[in-house]
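The chain contents come next:
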Amino acid sequence: MAITESSGERRALRDPDVRLMLEVRAGNAAAFEELMLRYQNRVVTVLEHLVGSRDLAEDLAQEVFLRVYRSRQSYHPDAKFSTWLFTIVNNVASNALRTKRRRREITVGGGQSTGGESLDAMAAAPSGQMPARQLDKAEMREIIRVALGSLNERQRLAVLLCKFEEMSYAEIAEAMDLSPQAIKSLLARARVNLRQLLEPYLQHGQLPAAGRKAGDDRPGDAEGPPGPPATPPSPPT
Amino acid sequence: MSRELPSIETETPATPLEERLVAYLDGELDAQESQAVEELVSRDPQARETLERLERTWHLLDALPRSEVGDQFTQSTLEMVTVAAEDEARQQAARRPWRHARQWLLGLSGAVVAALAGYLAVAAWAPDPNRTLLEDLPVIEDLDEYRQIDDIEFLRLLHKEGLFLQEPGDEG
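Respectively, the protein sequence lines represent chains A and B.
Numbering of the first sequence is given in my numbering, commencing with residue 1 and proceeding in unit increments.
Numbering of the second sequence is given in my numbering, commencing with residue 1001 and proceeding in unit increments.
By construction, these hints were calculated from the structure, which means they are not laboratory data.
Positions of the beta carbon are idealized from the N, C-alpha and C atoms, including for glycine.
Incorrect hints may have been included.
[As the list claims (entries may be wrong)] Take a look, some chain A residues computed to stay more than 12 Å from chain B by CB distance:
{"hint": "1", "residue": "S7"}
{"hint": "2", "residue": "D15"}
{"hint": "3", "residue": "D17"}
{"hint": "4", "residue": "K80"}
{"hint": "5", "residue": "K100"}
[Stated by the list, open to error] On the chain B side, residues computed to face chain A include the following (Cβ under 10 Å):
{"hint": "6", "residue": "T1050"}
{"hint": "7", "residue": "L1060"}
{"hint": "8", "residue": "F1154"}
Required output: the full structure, derived from the provided sequences and hints.
Quick look at the structure:
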């Protein structure tokens, strides 16, 4: 056991970010700033796709870096630094999403619907009321963003860590406190869901001609929930 | 006409084949498993089609925007951390006098215990010069009288009889 731990530590020490974090632990403020500069965009990117709001993502990223600093004395270099960091991201995001869900429940209970973005709603946006037309890059990007937002939180985080952070299943499992087998299943389900949601657009590269639903939010609403859309994507006609 | 989107949690899970194909695309299979997948897709058009579709939709995610924060974010985060560091330092400083007092008391107690132990050890093991004087006191008190006796053998006989063991003041 001791041999495994020390070899794990040796492996981790090859990671330059682990060495920076050890300097942070020793009280080096410049090392903390360097770590922040290396990771701030990556953390905000993952958080923004998780919570669906840039402002909230930045607030949560600040919370993440504050936790990194406060945890410096208990930090042990037994994994890659990014794995440890995204464990904190997962915890902070989970708390925020739980709070957000509770608030939404209260609002919905009060008779108001926050409304979610949906691929149908996007397809039915004013420009989409015309007959089928080619999607431009921005529209396609928005459709992909909404499709990602329609996954559940765990699938979404696993996809983001796999795609953006290029983390292995074992690293994602550690960051999300799940088994590698659970991550394998989670990612497979997420990929199948994404395929079902996006394939119609991919095949035809066109938005469907559909009527806009009353009350649907416009895409790009900064505070809009990234949760499942109210309506499914309509395949292009 | 739109219908409700089924919740992801209640959807049919991925098939074992889809799981294998996704793990293959993610580079999570060992050499033997990868070769098995490659052989499968080379002879099974349906498996090949599934693999290609999964790969195409996965590549679509490359179009997702990456966030870039401004200097303001970096600056305000570092300020937050600086404030947290100052709070920590203040709390530690507030705890320090108590820690010093506790260390001082511990040191003092240690010194007292060491002194007591030293005294007891010396008392137990070191020879006491007064003890000899006390033992010889009966002789010393009447030394002039004993000097008048010339015969040392007689004195030894008296000593054997226990005359010199009498406590001072014990008469007869």
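Do the hints match the structure? See the list:
{"no.": "1", "hint": "S7", "result": "21 Å, holds"}
{"no.": "2", "hint": "D15", "result": "20 Å, holds"}
{"no.": "3", "hint": "D17", "result": "17 Å, holds"}
{"no.": "4", "hint": "K80", "result": "17 Å, holds"}
{"no.": "5", "hint": "K100", "result": "17 Å, holds"}
{"no.": "6", "hint": "T1050", "result": "9 Å, holds"}
{"no.": "7", "hint": "L1060", "result": "5 Å, holds"}
{"no.": "8", "hint": "F1154", "result": "84 Å, violated"}
This entry does not satisfy hint 8, going by the numbered hints stated previously; all others are met.
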